[in-house]
Amino acid sequence: MFNRFANPNRFLRLSRPLVPVMAWATVLLMAAGLYMTFFTAPADYQQGQSVRIMYVHVPSAWMGLFCYVGMAVAAAVGLIWRHSLADLVAKATAPIGAAFTFLSLVTGSLWGKPMWGTYWVWDARLTSMLVLLFLYLGYMALQNAFDDPERGFKASAILVLVGVINVPIIKFSVDWWNTLHQPASVIKAGGPSIHPSMLWPLLVMSLAFTTYYVWVLLLRVHAEIAASKIRALRMRQASA
Amino acid sequence: MKRKHKRLTFVVIALLLLAGAAALVLTAFEENIVFFHSPTDVVTKHPGPDRRLRLGGLVEEGSVEKEAGSAMVRFRITDLANSVPVVYQGILPDLFREGQGVVAEGRLRDGVFQADGVLAKHDENYMPPEVADALKQSGKWDEMSETMKRQGHVTKDGAK
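Protein sequences appear in the order of chains P and H.
Residue 139 in my numbering sits at position 139 of the first sequence, with consecutive numbering throughout.
Residue 127 in my numbering sits at position 127 of the second sequence, with consecutive numbering throughout.
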């Protein structure tokens, strides 16, 4: 039991001071990003004012993918090295990533109507992004379907690793197939095809979303550690 | 080998096999995953009038004719190699204009594409209008849009 908690305790000691740092970074970056979104960023030559949806849509889509990769790495570490803290990180990431993915689907839909003329189409990018949301939901459901948390972590880690295959499919869907969604504008060969006056707000917003993720992740992991300590105490009481 | 090394090897091999399987499945279903077909596809494969399909490409410059007194519009969709005439009655998206990427949904009857829906496709370039104007004035615009068309979404299948 001591070995098991030695690691989480060190993690708690190291990560507690990061919580207020990340909280303040999120508040400041989000304020700056929103100010840039609404006041300094120009309208687009083609899309006019509606391009401003991009500053929420793109960061949330990126974070949806980023969280999934983070969750998969944590789940793999938990599965292979039996690292209980990694299991908790994977578990704590899932709802945050699901929320980002949901936000990107909703904002994308609201952006699609005025620009493309439709809220939704079943093209490769949109469909694979919807699959990502279902992977998050399936992961959370599967994990909670077991009475023994250890077995839940193991089963859901396998699910999340199988789902990793969807990540490159999402990223390259717009290059491999004809889609209604346009190809990448920022992370692509030949540099971004987005004007710096629009790229900067996008990067600030993305950074704000990232610090938000770290902030909420730390809070959730701390809560998970507390919950598993309580569980361990209860079991010891019951067996004493 | 330690147990954790066994688990690591197992996970890595399983992921590689899974990636291979996914690649095979996606290649096999390519025809069903593409959202639209290019004019070259339609011209070479002659789909029958029974088949609903989506036709995607650029609205050919100078091809848009609006019928006076009705919402009927005729234009041609091109991938710069081939072009297909389209007839559509209804509301066009705001971004619809000559040279713009569009996806029309409908059936091909006697060489004319009868569309019952038109969606606009925009490219991956984002810039303020002043920059777009400056590029157009300096002549760099055509250069850019040509490169974009060459690399881009619309002609990909036409070039195959």
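A few of these clues could be false.
What the hints assert, rightly or not - Output of the computed footprint for chain P on chain H, the stretches with three or more beta carbons under 8 angstroms from beta carbons of chain P:
id: 1; region: 3-16
id: 2; region: 29-36
id: 3; region: 121-131
I should point out that these hints are in silico values taken from the structure, not numbers from a laboratory.
For every residue, glycine included, the Cβ atom is placed at its ideal position computed from N, Cα and C.
Evaluation of the provided hints:
1. With a cut-off of 8 angstroms between beta carbons, the region 3-16 of chain H has 6 residues touching chain P; three or more are needed, and the interface restraint holds.
2. Interface restraint, the region 29-36 of chain H with chain P: holds (5 residues with C-beta to C-beta distance below 8 angstroms; minimum three).
3. As drawn, the region 121-131 of chain H meets chain P at 11 residues by the rule of a beta-carbon pair under 8 angstroms; at three or more, the given contact holds.
In summary, this structure violates none of the numbered hints.
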